[in-house]
Structures are given as structure tokens and as C-alpha cells.
Amino acid sequence: MTEDKNRFAHDRSPYERPNFPFRCGREAAFGKPCPRGPTAGGDCQGIADCTPFRTRKVVTNPDTGEETEIQRWECRRPAHAGGPCAEGPRPDGACSCSAPPCAPKPTIRRQRGRWALLAVAAMVAMALAFVGAAGGIIGPQPDHEGVLSHVGWPSSVNPGPLSGKHEQFTAKDGCVSCHVGHSDTLTGWAGALFERATIADACVSCHSFGEKQADTDSKAASPMAFAAHNTKFPSRPDAPTATCMGCHTEHKGVDASVTPIVDGQCAACHTTKFDDFAESHPKFGANFPHESARTIKFPHGKHLDTHFADPRYADRAPTEGCVSCHTDQADGRLLPGSFENGCAACHEQAIKEQGMAVFGLPELSDPELTAEARDSCGFPAPQLESARATLDALAEALPTMQSLGETAESGDVDGVMSAVETLNEAQATITEAQEEMAEAVDMSEAVSLDSLSPTAAFLLAVPAEEVDDYSEAAAEFLIAAAADGAAPLAEAIEAKGGDATLLLAGLSPELVTGVTCAWAANTEYEPKQDPEPGAGWTAQETQVSYLPTGHADAVTKGWIALGLANRASEDEGADAFAELMLSAGDGPGRCFKCHVAPAADAEKQAVQWAIPRRDIRPFTAFNHDPHLNVLDQGAGCATCHRQLEPGATLAEGQSRPGPHANDFKPIDQQTCKDCHHPGGVRQDCGLCHRYHSNPSIRKRTM
Amino acid sequence: MIIRTVNSVRPFGYTLAAIGAAVVAGLAYYSHQQHLQLSDATFVTGWVLLTAMVSLALFNIRKRLSMMPMGRAAYWLALHVVVGLFAVGMFIVHTGGIWATGFYEQVMAGLFWATALSGVFGWLYQRAMPRRLTRIGYEVVYERIPAEIAALREEAEEAALDGVGASGEPTLGRFYSETMEDFFRRPRFIMSHLLGAGAAQQWVDIRFRTVRGLIGGQEEPALARLEAAARRKLSIDAHYAIQRSLKLWVAVHVVLSAALLTLAVWHLILVHVYAR
Numbered sequence: 001m002t003e004d005k006n007r008f009a010h011d012r013s014p015y016e017r018p019n020f021p022f023r024c025g026r027e028a029a030f031g032k033p034c035p036r037g038p039t040a041g042g043d044c045q046g047i048a049d050c051t052p053f054r055t056r057k058v059v060t061n062p063d064t065g066e067e068t069e070i071q072r073w074e075c076r077r078p079a080h081a082g083g084p085c086a087e088g089p090r091p092d093g094a095c096s097c098s099a100p101p102c103a104p105k106p107t108i109r110r111q112r113g114r115w116a117l118l119a120v121a122a123m124v125a126m127a128l129a130f131v132g133a134a135g136g137i138i139g140p141q142p143d144h145e146g147v148l149s150h151v152g153w154p155s156s157v158n159p160g161p162l163s164g165k166h167e168q169f170t171a172k173d174g175c176v177s178c179h180v181g182h183s184d185t186l187t188g189w190a191g192a193l194f195e196r197a198t199i200a201d202a203c204v205s206c207h208s209f210g211e212k213q214a215d216t217d218s219k220a221a222s223p224m225a226f227a228a229h230n231t232k233f234p235s236r237p238d239a240p241t242a243t244c245m246g247c248h249t250e251h252k253g254v255d256a257s258v259t260p261i262v263d264g265q266c267a268a269c270h271t272t273k274f275d276d277f278a279e280s281h282p283k284f285g286a287n288f289p290h291e292s293a294r295t296i297k298f299p300h301g302k303h304l305d306t307h308f309a310d311p312r313y314a315d316r317a318p319t320e321g322c323v324s325c326h327t328d329q330a331d332g333r334l335l336p337g338s339f340e341n342g343c344a345a346c347h348e349q350a351i352k353e354q355g356m357a358v359f360g361l362p363e364l365s366d367p368e369l370t371a372e373a374r375d376s377c378g379f380p381a382p383q384l385e386s387a388r389a390t391l392d393a394l395a396e397a398l399p400t401m402q403s404l405g406e407t408a409e410s411g412d413v414d415g416v417m418s419a420v421e422t423l424n425e426a427q428a429t430i431t432e433a434q435e436e437m438a439e440a441v442d443m444s445e446a447v448s449l450d451s452l453s454p455t456a457a458f459l460l461a462v463p464a465e466e467v468d469d470y471s472e473a474a475a476e477f478l479i480a481a482a483a484d485g486a487a488p489l490a491e492a493i494e495a496k497g498g499d500a501t502l503l504l505a506g507l508s509p510e511l512v513t514g515v516t517c518a519w520a521a522n523t524e525y526e527p528k529q530d531p532e533p534g535a536g537w538t539a540q541e542t543q544v545s546y547l548p549t550g551h552a553d554a555v556t557k558g559w560i561a562l563g564l565a566n567r568a569s570e571d572e573g574a575d576a577f578a579e580l581m582l583s584a585g586d587g588p589g590r591c592f593k594c595h596v597a598p599a600a601d602a603e604k605q606a607v608q609w610a611i612p613r614r615d616i617r618p619f620t621a622f623n624h625d626p627h628l629n630v631l632d633q634g635a636g637c638a639t640c641h642r643q644l645e646p647g648a649t650l651a652e653g654q655s656r657p658g659p660h661a662n663d664f665k666p667i668d669q670q671t672c673k674d675c676h677h678p679g680g681v682r683q684d685c686g687l688c689h690r691y692h693s694n695p696s697i698r699k700r701t702m
Numbered sequence: 001m002i003i004r005t006v007n008s009v010r011p012f013g014y015t016l017a018a019i020g021a022a023v024v025a026g027l028a029y030y031s032h033q034q035h036l037q038l039s040d041a042t043f044v045t046g047w048v049l050l051t052a053m054v055s056l057a058l059f060n061i062r063k064r065l066s067m068m069p070m071g072r073a074a075y076w077l078a079l080h081v082v083v084g085l086f087a088v089g090m091f092i093v094h095t096g097g098i099w100a101t102g103f104y105e106q107v108m109a110g111l112f113w114a115t116a117l118s119g120v121f122g123w124l125y126q127r128a129m130p131r132r133l134t135r136i137g138y139e140v141v142y143e144r145i146p147a148e149i150a151a152l153r154e155e156a157e158e159a160a161l162d163g164v165g166a167s168g169e170p171t172l173g174r175f176y177s178e179t180m181e182d183f184f185r186r187p188r189f190i191m192s193h194l195l196g197a198g199a200a201q202q203w204v205d206i207r208f209r210t211v212r213g214l215i216g217g218q219e220e221p222a223l224a225r226l227e228a229a230a231r232r233k234l235s236i237d238a239h240y241a242i243q244r245s246l247k248l249w250v251a252v253h254v255v256l257s258a259a260l261l262t263l264a265v266w267h268l269i270l271v272h273v274y275a276r
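Chains A and B, in that order, are what the protein sequence lines are.
All residue numbers for the first sequence refer to the numbering used here, where the first residue is 1 and numbers rise by one.
All residue numbers for the second sequence refer to the numbering used here, where the first residue is 1 and numbers rise by one.
It is worth saying that the hints were derived from the structure and are not from the lab.
Being a predicted model, the structure only gives us computed values, none of them experimental.
Pairs of lysine to any residue residues, derived as SDA-like cross-links and limited to a Cα-Cα distance of at most 25 Å, are as follows:
id, chain 1, residue 1, chain 2, residue 2
1, A, 496, A, 554
2, A, 273, B, 34
3, B, 63, A, 18
Derived contacts from chain B toward chain A, CB cut-off under 7 Å, selection only:
id, residue
4, 38
5, 102
6, 149
7, 247
8, 255
9, 258
10, 262
11, 263
12, 274
Selected chain A positions facing chain B (Cβ under 10 Å, derived; list incomplete):
id, residue
13, 14
14, 27
15, 119
16, 123
17, 154
18, 161
19, 247
20, 268
We put the CB at the ideal spot given by N, CA and C, even for glycine.
Chain A extracted, bound-state conformation:
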């Protein structure tokens, strides 16, 4: 058989194209196709070989010139099907070559189009059906509490599982917890194409970063104004605007990190750019990490080398090294433990004994002032018995005196003699009582202090040493104190800006009156029992004092605060009072043996009593835990924290920020690099630094 190269000529084969939608049914079964093939709509045309064509021809009779129209049916079977048939069309114009019809089949192209439409429909159906993962057609239905659990359900709107914590808190409200668009109408969906993304607002509706305004101030701008790390640095307006989505990603899986920060993102703002901690991280500060002044002065060396070396206190020495006192915080810091757990064993008693004389009773220059003060008190206690005996004698003699006249007129001599004898006895009793009263108070020698106490001088605004200067004010105060107890003292404190309620808490008015009147009577006040350490308000001899009830005593802290508030005051006695409150001697100033008083020129005159539990380096997060796990928990601390040797000085460029810095050398950066270097432990920025200063969850969220 020889291949006929011309077998597909137009007159020998049907016109076939791949873009025809249907093909002959016989051909589909690999039979001989009909010459005409199906229509574009898929109908069989094979029942006839052709559609005969009716021709019209006008013939003119040459003889008569008459025109006649001749109509004929002509066979139009194509040449490739054999050309016009011998039979020709039937008279009615039907083709005479007929065959049974076939069922045309779609071509591959046509089928491809159908499959594509089916695929599109399937995708649309899937998308719409699984939108219901939030409670629609297919997906979880809300339980009796209205809570949907989306876990494990496919969704056509969820691009991936949320991280574990977000998944829990969105369980009830679903997508709308963060995406307001989720509840939108179809119009809202269309509008979303042209709206600015604001999803970060949803983040800060739950997360806070130390800002207060957004929670409390309805006029506050967007909470985002307080959210970002770079808003702490207004000097960098050129820095990129940070949004939550810039660093945080979600829908990456339950266990995926939502903060996959890379070092390069830090370099977006930081002008000092580097990519390797070991090679090019900026040097630590000269005193790192001791840049900030301590709030507690604790000489580690003295305690370890001197106190705990003393056999008397050896049993109190820490047995587990540094972690005996420094406790692990949730954020990885190691902070000193409480006073009660660490210091009280040695220092509690001394605190209770550090009394503060609030006021003492001075000698007054004018005896009339003293007498005036005495007048307010009446008889002092030692004279009361004598006075009572005089009154009793007078009372006993009074009826005799009243009846003596009548007895004399009646001539009753015996009666008169008896009355005289009675009066003589009364006179003897009164004389004896007067002698006892005079002996009870020795007025020849005054029982009083040579000067005013610094506190009293400050409160009365008079010189403490010059008796002539303070006498009048002191007498006035004492007269009032004798009458009203602690009221004039409270009034004086309030006048100085103090909180009398706090500063005199627990002070009995009777105690003030008793001491004052004892002084007025030129006697010493004798308490019912000797004051014990930590007794609070007490009086002894001619002074009213306060003995702190223990560590962190509120009254003592209040008096110290008053001293600090008047530190720069020009008032008379303010310097001496402040000195008493702040100097590390006896009295309240003893607190500053361990605590740090604010500098005289400090803007804020307040004592930072407690060690800040808040991280003072908001963007640095050194986690001690993994280091302690590698190093020995006791001695391992000294790998980084090295004590200054006795008498050692800091290297050049290193200086203590104040007199209260601890006695450790700065951290040597090389110590960190020993482990954190390429090929060693990770050294990315996020290991030690944080972006947010004080992240937390808003209360209303919980």
C-alpha cells in the first residue's frame, strides 16, 4: 500500500478542525463518518448525504422571445463523498441518499471546556460551602454556650490554624474577634477592596504596652499611638511606621511562632547596623549592667568576707551561693529576695530600736509662761494626795466653824473648847499637807531639756537652742498640748505639709497630755512599763518618741517623706530636721544605712524603698535561667558577675554612677562572646532584646 500524499485534498476528505465542538458518532466509534458531520449544536446531519439546492434559470425562447423560469433540484453531495449522486434529489427536494442518524460526540476540546467549567463550579461550591466553618453549611455548630470549636474543621476563609493562645481566645466569637470584615455584608466585602487595612486596632484592643490613656481616656487617640517601641524615641521621625503585622504573623499553625523577628528588621530603625554579635555588636556600657543607681546598698564583699566569716554569724551565711538570696523571676531575672527572708535575721532588732524623738519639753525662760502652762494641768500627780488631805481637813473643820458662833453665844465653854481643839487638829493636818505638797515637787531644779528637739523646733519654726526665742511658741504649744493632747502637734505637721493622720498614727492624746503635764509639774513622766523595741509611740521622762514597729514602718517612712519634702525649705529648723531624717545615724536616718536617699539636687525627692520589680531596661531581656542551667547555680554566677577585689579600682573609663553602686565589676562582653558566636549559641537580637517595653493583656480582655 502506497501512501497517497494527496488523500486529504479538499475534494477527497471532509474538512476537519480540532475546534469543532462535536464529531460524528460513527467516527467516534471508529466507523466511516458521514460526509457532512454534526452541526455546531451537536445535531446529526448524516441522515442525508446533502441538502439539495433548488436552482432557478430563466430561459428565453429565441423564436417568441418569451421568458420561462425553470426550477430544478440539484444534488450538492461534496466531492470527497463521491460528488453528485446518480439518483439526484427527489421531486420534493429531499436527498435520495439517506442513512440512519448517529449520536454526535463532543470533541476533546468541548469536553475540556466542560471539565473546566465543572472545576470552576466545584471551587466556587467549595469556597461557599466551607465559609460556613464559622457556623454555616459545613462546619462546627455552636454548642449550648454558643461556643464554636473550629479546630479540625476545614474552612475556605481561614488561611491556617491560629497559634495556640489566639486559638483559645477566639474560640467563642471566631474570626470576627480580629477581623471586623468577617461580619460584613457583601457590600462591605466589596468596599474592603478600597479600604485601608486596620487590623492592628484589633490587636491593641487586647494587648497593651504600658500605656494608660487608651484604657482610661476616651479622648485618647488610637491605642496604637502607645503601642510601638519606636514611639519611645520621638527623635526618630524618619523611622518606619511600625504596625503589628510588620513583625507578627498569624495563621501559621498552632505551634508556629507569631514573632518570627529577624535581625534585619531591627536594623530598619537602628542606625548602628551589624549582623554578628560576636564580631560587631556595640560595646557594653562601661558600667554595664550597673548604669542605674542602686536602691539598696548591699556590700556583698563585706557580708561575705567579714560578717559571715565571723563565727557568731557563720550559721546565717548563704549555703547555696548567690541563689540563696537572689530569686528567679518569671522573666528570667534574678532579683534579691525580701528583707524578711534575707536581712531580718540580723537587722530587724536594730530597726525596732532606732527611736525618733518627736518632741521634748524644754526649759522656758519666763516663769510666768511655765506657770501658765502648769495652770492648764491642775495638780500634778505627786501633789494630789496632799491636796486631797487638805481638802478633807477643811471639809471636816467646816461644820465646827459654822457652829462655833452659836456655841459661844450659848455659853457652852466645853463646846467652845472642843471646837477649838478640832480646828487645831485641822490646822495641823493642813499644815502637814502643805509641807508634803511643797516637798512633792522640787521647783528649785527644773526637770526639762536644755533645748527643743529638732523635730519640735521644725514644727514650731523656732530656733532649737535659743530659749528666749522658742519659749513663747513652746509655751503656747505646751498649753495647747496639755489641753488638747496631740491636736496641736497634728496642726503643726499639717502646716508643714505632712499627713498628720499617717505621721501620728497610733499616738494617744493622753500620752501627750501626760508628758506635758508631768513637765509642767516639773516631774518626769513615768510610763506604766518601760517601752519595748518596736513599741510605736512611747513617752519617757520629758520626751515623746516613736519606736518603729519593724521594717518598712509606715510612720517612720512618713516622717522621712516629710523630711525630704522640706529638704530645701528655708523654714527655721528645716535643715536640722531633714538631717535627722536622712543622715545614717540614729533615728529614722538609720534606714539609709541600706536604703538610698535621693540626691539633694534630685528632681524627685522620694525614696525608692523597694528594689524595682519592673525591668529598668525595658528593651533588654537577659534570661538567667538557661545560663544557670549551663553553669553551676552557686559558683557559676561568678563567671559573669565578678566581685571587685578589696581595694581594687575600676578600669579606665569605668566609673560608678554614684556612691551606691554595688561592688561588682562590669560584665565583660567577651564572656558573652565565649558562647554566643557563629557556630555557637544563637546570637540574634531577639535573644537579648525586646521590642515592646511592657507588654500585657488588658484587664477587660480577661
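Assemble chain B onto chain A, guided by the hints.
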């Protein structure tokens, strides 16, 4: 007169590929820099990817509008291939990986990779199969294959009848009706032809070698005609298998693309709605 060949498309393709690679690299760098600048480039890369996918779909439109002078199909194919590879690169830049975590995004990623892999496969297949068709040594349009087979079947039947008539023996008739008739009924040995194996050839050889020993001299011409028809049928079957596989591949590729584009539009709506 200069006759352009398919090879003249190569410089065009290489240039396009270089541009595409440069754009992908540039957008990857841009995306990375945006990430470092605490910003997000996924909207930009997503729109670029969608544009690329839509332009890929336009290739199908181009084939439908063959009457319009829109350049040679070979250039369009080169453009389609390069943009397809560009889309693969953009997909990785856009998603930051090759897979997704969510259900519908996994379906979409699966469709994307299925479409991309079917495209790469088809591109290589289209380059390999025409050589196979040329080696067959016979040309036939796919749509005419059924008619060709029908004609061969008629010729084979006629040869068998002629053999019976010439010898008066039923051997050739029985050989055709019992052995060869089914062979001529429709394309056979599809998989063998597709894989380029020789099973069909061997089958025909064995059958004719066997029957040749059973016939006489008068039947020989008829057997020769029958064998020629059978061998032509082998060529047509090979054409059928290869051309049909090419068409089916396009169908798979197009259907996957349609599904992918549908989900891409859905994804586009979602990312804008759920960005707030």
C-alpha cells in the same frame, strides 16, 4: 528569502527568561526589604502573581483568536512558558515557601503546583513527542484518524476476501475474522505506542509470520496487502496514542488552571476583606 524556523524563537525566549528572572529576583529583594522595613509586600507580590496567572490564561484566548494577527504562536508559547516559570518564582516569593497551612490555601497551593508541574511536563512532552511522530514516518491529523482506520479496515477486509477468492481456501478469511478484525476495529496497543515500546509491532510480526506458513502462493498478494494495511494501522495507532496524550495533557492543564484561577480570585477577595 529568509525562512524563520522555530529556533528563531529561542533568543526571544532566552531574553524573556532573563527578564523574568530579573523581575523575580527584584521582587524577592523588594519583598525582603519591605519585611525588614516592618512592612508587608505580600499585596504587591500577590497582585503580580495574579497578573502573571491571568496572562498565562490569555494564551488559551490567543489560540481561539487565531484569525487575528497577534504574532506567531511560537512566540506566544515562549511567553507562556517564561511567564509560567516566572509565576512559580513569584509564588515562592509571595508565600515565602512552597506550601500553605490552611485548608483552602493548601487546596490552592496544590492546584498551583499541579498546574505548574503539568505545565512543565507538557512543555517537555511537547518538545519530545513531535520527534516521535516524525520518526513514525506517516502524517495524519488526529481528527481524521477514525476515518483512516475505517478506510484501512475496509481495505483489509477487501484483501482478505480477495485472498479467499483467489485460492478458494478460507485460511486468510479466518485469519482476518478471528485475529485481525479486532485489531482493525479501533486503535490498539495505546500504552505501548505511548511508551515507545515494540509490543504492537511484535504482535503483528508474529501473527503474519504464523499465517504466512499456512497459505499458498495465490493468497500471498492478498496477505501482503493485508500486512501493509496492518503496518499502516500501527503507524496510525502510534499517532493516535501520542496526539491524544498531547490533547489530554492540555485538557488537564487547562482544567487545573481554571480551578486555580477561581480560588485565586476567592483568595484575592478574602485577603482584602480580612485585612481589617
